[in-house]
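From first to last, the protein sequence lines stand for chains F and X. Under the numbering used here, the first residue of the first sequence is numbered 753, with each subsequent residue one higher. Under the numbering used here, the first residue of the second sequence is numbered 19, with each subsequent residue one higher.
Check each hint, because a few of them may be wrong.
Stretch-level coverage of chain X by chain F, calculated; a stretch enters the list once three of its residues show a Cβ under 8 Å from a Cβ in chain F [to be verified]:
(1) 43-53
(2) 67-75
(3) 138-148
(4) 151-163
(5) 167-176
(6) 216-222
(7) 250-261
Pulled a few chain F residues facing chain X out of the computed Cβ check, cut under 7 Å [as the list claims (entries may be wrong)]:
(8) E807
(9) G1167
(10) K1262
(11) F1331
Honestly, the hints are just simulated from the structure, not real lab data. Yeah, the Cβ is synthetic: ideal placement off N, Cα and C, and Gly gets one too.
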Amino acid sequence: MSKLDSKIPPGPIDKKWTYHKGHMRIVAPANKRRIDVIVVGTGLAGASAAASLAEMGYNVKAFCFQDSARRAHSIAAQGGINAAKNYMNDGDSTYRLFYDTVKGGDYRAREANVYRLAEVSANIIDQCVAQGVPFARDYGGLLDNRSFGGVQVSRTFYARGQTGQQLLLGAYSALMRQVGKGTVKMYDRHEMLDVVIVDGKARGIIARNLITGEIERHGAHAVLLCTGGYGNVFFLSTNAMGSNVTAAWKAHKRGAFFGNPCYTQIHPTCIPVSGTHQSKLTLMSESLRNDGRIWVPAKLEDAKAIREGKKKGSDIPEADRDYYLERRYPAFGNLVPRDVASRAAKERCDAGFGVNKTGEAVYLDFSAAIERYGKLQANILKLENPSKEKIRELGEAVVSEKYGNLFDMYENIVGENPYKEPMKIYPAVHYTMGGLWVDYNLQTTVPGLFALGEANFSDHGANRLGASALMQGLADGYFVIPYTVGDYLADDIRTGPIDTKRPEFDAAEKEVTDRINHFINNKGTKPVDEFHRRLGKVMWDKCGMARNEQGLKEAIQEIRQIRAEFWKDVRVPGKANEFNQELEKAGRVADFLELGELMCMDALHRNESCGGHFREEYQEMEGPQQGEAKRDDANFAYVAAWEWLGEAGKAELHKEPLTFEEVKLTQRSYNKDRANCSVDPSVRRYTTR
Amino acid sequence: MGNMKLTLKIWRQNGPNDKGRMETYPVNDVSEDMSFLEMLDVLNDQLIREGKDPVAFDHDCREGICGMCSLFINGEPHGPGRGITTCQLHMRKFKDGDTIFIEPWRSAAFPVIKDLSTNRSAFDRIQAAGGFVSVNTSGNLVDGNAVPIPKDDADKAFDAATCIGCGACVATCPNGSAMLFVAAKVSQFALLPQGRPEAKRRVLAMVDQMDKEGFGNCSNTGACEVECPKGISLEHIARMNREYLAASVTKE
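Chain F on its own, in the form it takes in the complex (with noise of 0.2 Å):
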């Protein structure tokens, strides 16, 4: 049998965290006195943890790398975060949100897991609520919903399109209130470069200092990472510059299996690359599929003038255009899943009907939705015979007060008008489904080194949600970790003060000095990001939206060949005593050197299409499923953990089989039974972020 127990409660669904609560060991308050606990990273899931596990009596140190712990990257998310409050008397239920994020994730996610962050998630919204994050009202005070295209129910809270933002801010003022009473410390600028395992558990951490360069122990009963996603390996994507794998990747490579790395979400409306400077991805958010319509021309000649500069989109006529997405969707259309969207869009491009310089483009254009509410606000205005000027002027209106904001961020970016000219939109890598293997508790495969939010795999399968994200990293740090760790620290109330001096802190320690030294004596000749970038471009060429066999085995070959590059030519200027960016993103890198070919070992053996992950020889060859993905619900129900065995490229695969007892498995369909799929209460739902 595997190394790998989920421990997952006995009971039905409904009731396994509350049975494991009630029989989980806890801590006494005067014994949390004498527990350290490590949080590193301090976005939604590290900030709430951090927080409630110092209100709770536990001694705290956190950490991140930003400047301040308000910075996490979590404060990026727009479109908002669910809850099952069933608020809108609209049939929502805990039942009803599992039962999506499991089917949502394409079945690859863990039941018991996915149920238990369902019932946690009304609680987030009061606990939000109470420290006052001023979420979206309406006129008679209370709270408001939205939902998105496709959405069968109204389940997401919102602050404007600064849901992150806000939610992320309540957490830190939680955590700046235990800060002030000396519950937390806090060491912002610090990046955690080990961890330090003694006896088997995690004891503790090294971190360096990024504005003296010093290299710190810190000793603790338990250590928690919650430190993202690892996105960035594709260098260019949505998250924040400083996003890194690089905490998530020592524990890797200390023992824990790290779980379904080839799942990564592919966001389809994102501001395309526009040229090789390109540092990171702007997203527009998914609610513009409402009423944007996405096309490309449908004459190549014509796709190969607006690359050339020669034609604009507005002037392509409207027989000419192929409304790509409504001709193979017809009953979805523009509001088809991320991942169907996505892969549309790179079919269309890479058969040559890409319309910028690059050729990685497709159109969003509004000129429909300006024209229809054009003709609705003359209506209720009451203008006889309105001429197309009228029209137009009061559309844009109508448009800008929508979309006003995002509008003028494309603008800013692009420095077009798209209200006059099509949007052009490409996909970009978004979030990873993918992180450390971790049981019900959230523990990793070492003991007393747990992961939370983005940084685990537990909930979101081979695909996530929209607004789901928030509430997973809110859930695991407010309401689950508070519980679990304590029945794990509950062994360790006569332990003492974690020793700092032992040798298991030397030899991390040294480590971490000599690939530090390693870098500033290279003295090589490229800077870091040439590799990084290169090693994005593999990556997203060849384990990005769609992925086949022999495109993976060049890839990882391409991989090896970069990473020892590297090593050998890479330079680092500057000492590392000091305050050292270059340093920091060396370190970044040669840890996603690793991973890189970790996760297209993992999209290699896994020989189906599922969410994220769409291997092009698993697809449907014939029918009206055609191209679309193809499961193989026999053979790869589990969840891939790989145990590092030493060095990279080489894992051992464990398997932890999924059993489905509550949803049954289905195919996912958007071509047959249209209207079943519009009312079917199982149909995946696509919500935004």
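Starting from the known structure of chain F, fit chain X onto it as the hints suggest.
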């Protein structure tokens, strides 16, 4: 790559105790599609290849929300343009041949770490002094809809809460005042019923900490409101002053 050629005058400073100086760097191949920070990436790439020390500057999300980027560009925090952060500034705002002056936030309370990177942890300490509602994590709180909040109040609280803590208000203020930052947080909680029970204690503690950090006083020049990338209104300073006055008069 683009075809703009620029001359950059950049503040270089090795640490808080170094005197610092402006240095001149030519940078070629700048495209108008680049963001300002991508232009600095190009410069740093060039410097590293030449064996020189790259320019340190803070940045993270590069989409205008994390508040990490800063930079005083041609005498304005976050450069030309309103309602944007430096990472949202694009090179099409500049012309071929331009000379651009780039400096760090300048404030006694924000010591320079290196070059363009400053230490803004004073903001965290102000927040820790009282920028919160004292509520512990609990799965048994009252329902989120138990206390209705008038939409206008919720909207105004949200407007205040959009502060990203970047420090542009301090950097642009002739007095180095942090009033807009502090007022935004005080105002957010003052407008919400959840924040009222400790409103007095909060405003006194936060203002006290602000003074201890060495920020200057507000003399209503209004520069902060103009330069704030999130358009936070001076109205919040007025609200904080009212809160402060009321709290001072009635404190025990």
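These are the hints, each one checked on the structure:
1. Look at the segment 43-53 of chain X against chain F: 5 of its residues bring a Cβ nearer than 8 Å to a Cβ of that chain, three or more, so the hint holds.
2. With 6 residues having a Cβ less than 8 Å from any Cβ of chain F, the segment 67-75 of chain X passes the three-residue criterion, so the hint holds.
3. With 8 residues bearing a CB less than 8 Å from a CB of chain F, the segment 138-148 of chain X meets the requirement of three and the coverage assertion stands.
4. Requiring three or more residues with a Cβ within less than 8 Å of a Cβ of chain F, the coverage given for the segment 151-163 of chain X holds, as 12 such residues are present.
5. Coverage of a stretch by a chain is defined here by at least three residues with a beta carbon nearer than 8 Å to that chain's beta carbons; for the segment 167-176 of chain X and chain F the count is 7, and the condition holds.
6. Coverage of a stretch by a chain is defined here by at least three residues with a beta carbon nearer than 8 Å to that chain's beta carbons; for the segment 216-222 of chain X and chain F the count is 0, and the condition is violated.
7. Chain F is given as covering the segment 250-261 of chain X, and this is violated because 0 residues of the stretch bring a CB closer than 8 Å to a CB of that chain, at least three being needed.
8. For F/E807, the interface hint holds, the least distance from its beta-carbon to any beta-carbon of chain X being 5 Å, beneath 7 Å.
9. The criterion of a C-beta within 7 Å of any C-beta in chain X is met by F/G1167, whose closest approach is roughly 5 Å, and the hint holds.
10. At its closest, the beta carbon of F/K1262 sits 27 Å from a beta carbon of chain X; the interface hint therefore is violated under the 7 Å criterion.
11. Because the smallest distance between the Cβ of F/F1331 and any Cβ of chain X comes to about 4 Å, under 7 Å, the interface hint for this residue holds.
Taken one by one, the earlier hints fail for this structure at numbers 6, 7 and 10, listed in ascending order.
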